[in-house]
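2 protein chains.
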Amino acid sequence: MNRLRTTFQQATGQISGHGKRNIGVLKTALEDVTDETASDQYGTGSIIQPFEQKFADVLGMEDAVFFPSGTMAQQIALRIWSDETDNRTVAYHPLCHLEIHEQDGLKELHPIKTILVGEADRVMTLDEIKALPDIACLLLELPQREIGGVAPAFSELEAISRYCRERDIRLHLDGARLFEMLPYYEKTAVEIAGLFDSVYISFYKGLGGIAGAILAGPATFCQTARIWKRRYGGDLISLYPYILSADYYYELRKDRMGQYYEDAKQLAERFNALPGIHTTPKVPVSNMFHLHFSGQAADVSPKLEKIQEETGLGFAGYLVDKDGYCSTEISVGDAYAQLDAQTVDAGFERLRQVFS
Amino acid sequence: MNRLRTTFQQATGQISGHGKRNIGVLKTALEDVTDETASDQYGTGSIIQPFEQKFADVLGMEDAVFFPSGTMAQQIALRIWSDETDNRTVAYHPLCHLEIHEQDGLKELHPIKTILVGEADRVMTLDEIKALPDIACLLLELPQREIGGVAPAFSELEAISRYCRERDIRLHLDGARLFEMLPYYEKTAVEIAGLFDSVYISFYKGLGGIAGAILAGPATFCQTARIWKRRYGGDLISLYPYILSADYYYELRKDRMGQYYEDAKQLAERFNALPGIHTTPKVPVSNMFHLHFSGQAADVSPKLEKIQEETGLGFAGYLVDKDGYCSTEISVGDAYAQLDAQTVDAGFERLRQVFS
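Keeping their order, the protein sequence lines are chains A and B. For what it's worth, the numbering used here labels the leading residue of the first sequence as 232, then goes sequentially. For what it's worth, the numbering used here labels the leading residue of the second sequence as 232, then goes sequentially.
Derived from the structure by calculation, the hints contain no laboratory data. Hints are supplied without guarantee of correctness; some may be wrong.
Repeated chains share a single entry, so a pair holds when one copy, or any two copies, can fit it.
[Stated by the list, open to error] Within a straight-line C-alpha distance of at most 25 Å, the following computed DMTMM-like cross-link-like pairs (lysine to aspartate or glutamate) qualify: (1) Lys251 x Glu267; (2) Lys251 x Glu283; (3) Lys251 x Asp263; (4) Lys258 x Glu283.
All chains should be modelled from the sequences, with the hints used to inform the complete structure.
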C-alpha cells in the first residue's frame with residue numbers, strides 16, 4: 232500500500248488537498264510577520280486574544296477559545312454541558328470523531344456516558360433524536376465526514392435545534408468542516424452556528440493550516456473551557472505557530488469554499504460516469520466525498536499506482552477495504568485548481584480504460 | 232505593576248532570560264530547514280521519531296514521547312504508574328506544578344488521590360518519604376522551582392531511588408530544568424535519569440524553545456503514554472513547530488548550562504552583599520534563584536522601575552508580596568552574558584544606593 236501513497240504524492244498534481252504538508256506551509260504563513268512580534272503567553276497577548284474575538288464574531292458567539300486540537304476542544308465542550316445540566320449522558324453519531332478516533336478519551340477522562348444515535352451509514356434523523364432518553368448534549372457533525380461528507384437539509388437542522396431548545400438539550404456543532412458547508416447551505420457561519428449552543432471549527436481541514444481549533448460559545452462556557460484547557464495541558468505558553476498560520480490560511484481560503492464545492496461536484500460526476508467507480512454522496516454537499524472502486528484494495532492499488540505514474544495525476548494515496556469494494560477520501564482544495572484540463576482528462580480516460 | 236514589566240522589558244539588557252519571546256525565536260530556528268521538509272503526521276515521520284529516540288538516548292531511557300506540554304505529560308505519567316501498580320495514590324511536594332498550576336487537572340481528569348510530602352519551604356527528606364503510606368508513584372522536581380530552585384544532594388537522591396525500588400514505588404522526575412542541574416551535580420542526564428522510572432523535560436525553560444516537553448521511560452510506558460496523548464488531544468497532526476525549535480535551542484544551549492550556573496552564583500553573591508536584598512537559595516544550584524526585597528511590592532516597584540529606566544538594566548518584571556518582603560524569580564540565560572560589565576556594575580551600584 233505504501234507504493235500507492237508514494238505514487239500519489241510524487242504525481243505532478245493531485246485531485247485532493249492543498250499540496251504537500253511541509254515546513255513551507257508554516258514559513259509562508261510567517262513571511263510577513265516581523266521578528267519583533269511578541270509571543271502570546273498562556274492565552275494572553277495580541278496574537279491570541281483578538282484572534283479569539285475574531286472567530287467569536289465569525290461564528291456569532293459571545294466568546295471563543297483557541298485550542299491545540301479539536302479532540303481537546305470537543306471533549307471539554309461535552310463535559311461543560313454535562314456539568315451545567317447535571318446530566319452525565321451525551322449523544323452523537325456512531326461514527327463521531329470522539330467515538331472512533333480518540334482512544335475513548337471522553338469516557339476515560341470524564342464521568343460521561345454516550346449514546347450512539349441512528350445508523351452508521353447515514354445522518355441521524357429528528358425522530359431518532361426525539362426517541363432519545365434525557366441527555367445533556369447532542370453533538371452534530373456537519374458534514375458527517377466518515378460517510379463521505381453528508382449533511383441534513385437546513386430545515387432539518389432548524390427542526391433539530393428547535394427541539395433541543397424546547398427540551399433543554401445543549402446542541403454542539405462539530406464544525407471541523409463548517410466553512411466547507413457554507414456554499415451548499417447558502418448560509419453564513421453565523422446563521423448555521425446560531426442553531427447551536429457551542430461550535431468547534433478546525434484550521435487544518437479545508438483551510439489547510441497546520442493544526443488547531445476554535446471552540447466558541449457563551450461567555451461563561453468559554454471561561455470554563457479555558458480552565459479545562461489548562462487542566463488538559465492545552466494552555467501552552469506559546470500557541471502562535473498554530474494561530475498565525477490558522478489566520479493566514481483562513482484569510483487565504485475562506486472565499487474559495489464555493490470553488491472547492493463546485494469542483495467536488497464536477498469531480499464526483501466524472502467518477503460516477505465510470506464503470507466500477509462511484510462516490511458517496513453521489514452529489515457532494517461540500518468539498519469532500521468518498522470514492523469507491525469495485526474490488527479489493529490489493530487488486531485496485533496496483534492499477535491506480537500505474538495510472539498515477541503514467542499520467543502524473545494523483546487520485547488516491549490509500550484505499551480501505553469495504554464489503555466488495557474499497558474506498559478513499561477526496562477533499563478538494565487548491566491542488567485541483569492547479570491542474571490543467573488535459574492532465575485531468577488523460578487521467579480520467581486511463582481510469583475508464585483500466586477499470587472497465 | 233505593569234510599569235515594572237514594561238521598564239524590565241524595555242531596558243537595554245536583562246539579568247534574566249534569553250531575551251524577548253517573540254516570533255523571531257521561531258523564525259531563527261526554522262532558518263536552515265528547507266521548505267520541502269515533510270511535516271510529522273500524528274506522531275510519525277522523520278521530524279518526530281528520530282527526535283524522540285534522540286532524547287530517549289540523552290536520558291538513557293528505552294523510549295521517549297514528545298508532548299505539547301509538561302502538564303499533559305506528567306499527569307499521564309502518574310496515571311500510567313497508578314494503573315500499573317493498581318494504586319490510586321501518588322505523592323509530591325506541596326508546591327509541585329500539578330498541585331498549584333494545573334487547575335487540579337490530575338484530580339479532575341483521573342481517579343487519583345495525592346499526598347503532599349514535607350513542608351512547602353524546603354525539599355522533602357527520605358525520612359518523610361519513608362513515613363508515607365503505600366503509594367503508586369513519587370514525583371520529585373529537580374530543582375524545586377517554587378522555592379527558588381533547591382535540590383537535594385546526589386547521595387540523597389540515590390538513597391530515595393533505592394528506597395523507592397525496594398518498596399516498588401515508581402519514581403518520576405519532574406526535570407523541567409534537568410539540564411540546568413547537571414553542572415551542580417557534575418553528572419550526566421543519563422546518570423540522574425537512571426535513578427528514576429520516568430522523566431519529563433521541558434524545552435522552554437533554560438533551553439529557551441517555544442513550547443513542548445519530552446516524557447521518557449520504559450518502552451511499554453511510552454506506548455501507553457502515546458495512547459493517553461491521543462485521549463488528551465495532544466497527538467496533533469503536526470507538532471513540528473515545537474519539535475524543530477526544541478531541537479535547535481537544545482543544540483544551541485545544552486553546553487551553556489555551566490556558564491548559566493556560574494553566572495547565577497555570581498549574581499546571587501552580588502545581591503546578597505546588598506542591604507535589604509537577599510536570595511534563596513543563598514548559593515544557587517542551577518541557573519535560577521529567587522530574589523527578595525525587604526518591604527512590600529507597592530513600595531519596592533517604583534524604586535526598581537526608576538533604576539531600570541535610569542540604568543537600562545532590567546532586574547525584575549514582577550514582584551510577588553510575601554511576609555515582610557517581596558520576590559521575583561531569576562533564571563539566568565543568554566541575556567546576562569550579553570551585558571557589559573559597566574552596565575551591570577552601574578545597576579548594582581544604584582540598587583545599593585536606593586535600597587540602603
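| query | Any hints this thing doesn't respect? Which numbers, in order? | reply | The structure breaks none of the hints.
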